[in-house]
Amino acid sequence: MIRVILPQHLRTLARVEGEVQVEVQGPVTQRSVLDAIEARFPVLCGTMRDHVTFKRRPFIRFFACQEDWSHEAPDSPLPEAVATGTEPFMVIGAIAGG
Amino acid sequence: MKMKKSKGRLTDSKTRRHSNRMTINAHPPALKSAGMASGLSSVRVLVGTRKGAFILESDGKREKWNVNGPHFAGWEIYHMKGSPADPNRIYVSQTSGWFGQLIRRSSDGGKTWETPGGEKVPQPGDFPSGQSNKFVYDTTPETGKPLTTHQWYDGTQHPWEFKRVWHLEPSITDPDTAYAGIEDAAIFRTTNGGHTWHELAGLRGHGTGPKWQPGAGGLCLHTILIDPSDPGRIYVAISAAGAFRTDDGGMTWKPINQGLRSKYIPDPTAEIGHCVHRIALNKARPNVLFMQKHWDVMRSDNAGDMWHEVSGNLPTDFGFVIDVHAHEPETVYVVPIKSDGEHFPMDGKLRVYRSRTGGNEWEALTKGLPQRDCYVNVLRDAMAVDQLDSCGIYFGTTGGQVYASADAGDTWEPIVRDLPAVLSVEVQTLQ
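Residue numbers (numbering that gives the first Met the number 0), protein chains in the order written: chain A, 0 to 97; chain B, 0 to 430.
So here's chain A without its partners, still in its complex pose (with noise of 0.2 Å):
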């Protein structure tokens, strides 16, 4: 099981409370995890990724072991760490504000 963390938002449109755990078939990529939780709650579809090109939206972030995984490649392959469940795949807003 894959370990996911959710913004606030995230997690009221999807109706969930603390983390959400996800099975991935095959390599663990940002890809296939996103593609996990979109199938699960697809309430999320659009909230993280384009619908069309799956380009991840500007103000969204990706963490895992304490690294930005944003810029990565979509299909890179996420930490051990990750793929085992001993640590969370983090979807962050980005801080904006003033």
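Don't take each hint at face value.
In silico lysine to aspartate or glutamate, DMTMM-like type, Cα no more than 25 Å apart, as pairs [as the list claims (entries may be wrong)]:
| no. | chain 1 | residue 1 | chain 2 | residue 2 |
| --- | --- | --- | --- | --- |
| 1 | B | Lys60 | B | Glu412 |
| 2 | B | Lys133 | A | Glu37 |
| 3 | A | Lys54 | B | Asp137 |
If you want the footprint, here are the derived chain A segments under chain B, 3+ residues with CB under 8 Å [what the hints assert, rightly or not]:
| no. | stretch |
| --- | --- |
| 4 | 7 to 20 |
| 5 | 39 to 45 |
| 6 | 55 to 64 |
Read the hints as simulated data drawn from the structure, not as lab findings.
Using N, Cα and C, we set each Cβ at its ideal position, and we do this for glycine too.
We have chain A; now place chain B onto it with these hints.
Chain B alone, transformed into the frame defined by chain A:
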């Protein structure tokens, strides 16, 4: 002090032209259409704000209000509107700079909300899930070829990019059909209650699309009006392209900007390029349109084929909202804003102006509205009228106040004072 614009400057109104003023007696007397008895009805005011939605409810007297919300707390609610065919069906445009667009829907008058298609697909072959916020421009070879770009601020061509839904207009007859006006400007339609949306590409494809360019608020299609006597006739307005009309349910469109004069564009009478802020009509006389343009209050007596100015004695004719009395087609409301550079009322006085003559002759309505130190704005979708016998008028401000008048504007009361900035106000009159 009366202020008027001239080539971007404010000048004394006495210097203004009046050659295109209408003759007031040229119009038939106000048509009294049947209203709803105040004692048997109630109203539901739908308020979209920068940080959520609120529902304000009252009986027909409109004296005591229940304020319900925030719904969708923290999200921008550009617009929410109820279906005329089923008042329990309410559509909501919910947006966020972080998470993009969502379409929400209620089937019980706002008690609960759902995302059409947002739940798990129960059976293969059902609606494709999670597509209610999927607004994809038509790029089919037949209609997509001329639709690839529009004009950008620097004069270059720019790809069409979906940003958000500004306005949702439910069908008059079918609660599962609604239209969406989006940025970058296009009109979409759903016929399955918001599960999926498809562009009516004839609007962008009619020929002038590549010349459209954004106003300061973006290239947004913000106004959709359906002719109640002919659902195939739809009006839309785009900032800053102008007004357009279809007479065949959205297949083909044409610009309807003749008579508009905009000094801020190279050709002031160009076919397109006018920054139309809002259009309104009375259901009993749908061929008569009133427009609040960037500057100028305009009127058309032939479904937009020709416009003439009816700003008359307004202290300034810049503004965003405009609406028409539910039962008096010649009674029109605007909220003058000082200028395009200063988006607040003149002299710190919040005043609604009413014309009972279809324009040109305007009176200030001030009772109950702040008459000092008021520097809020009233945005284009933030005024609405109810259908009760004594017509109620409602508007919201960027300061978070929602004002209501139960006597057609003679007196005003704030329903609420401290909401987030109000983006839109709609009202449902319920039996």
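Hints versus structure:
no.	hint	result
1	B:Lys60 to B:Glu412	holds (13 Å)
2	B:Lys133 to A:Glu37	holds (14 Å)
3	A:Lys54 to B:Asp137	holds (20 Å)
4	7 to 20	holds (count 3)
5	39 to 45	holds (count 6)
6	55 to 64	holds (count 3)
Hint compliance for this structure: no hint is broken.
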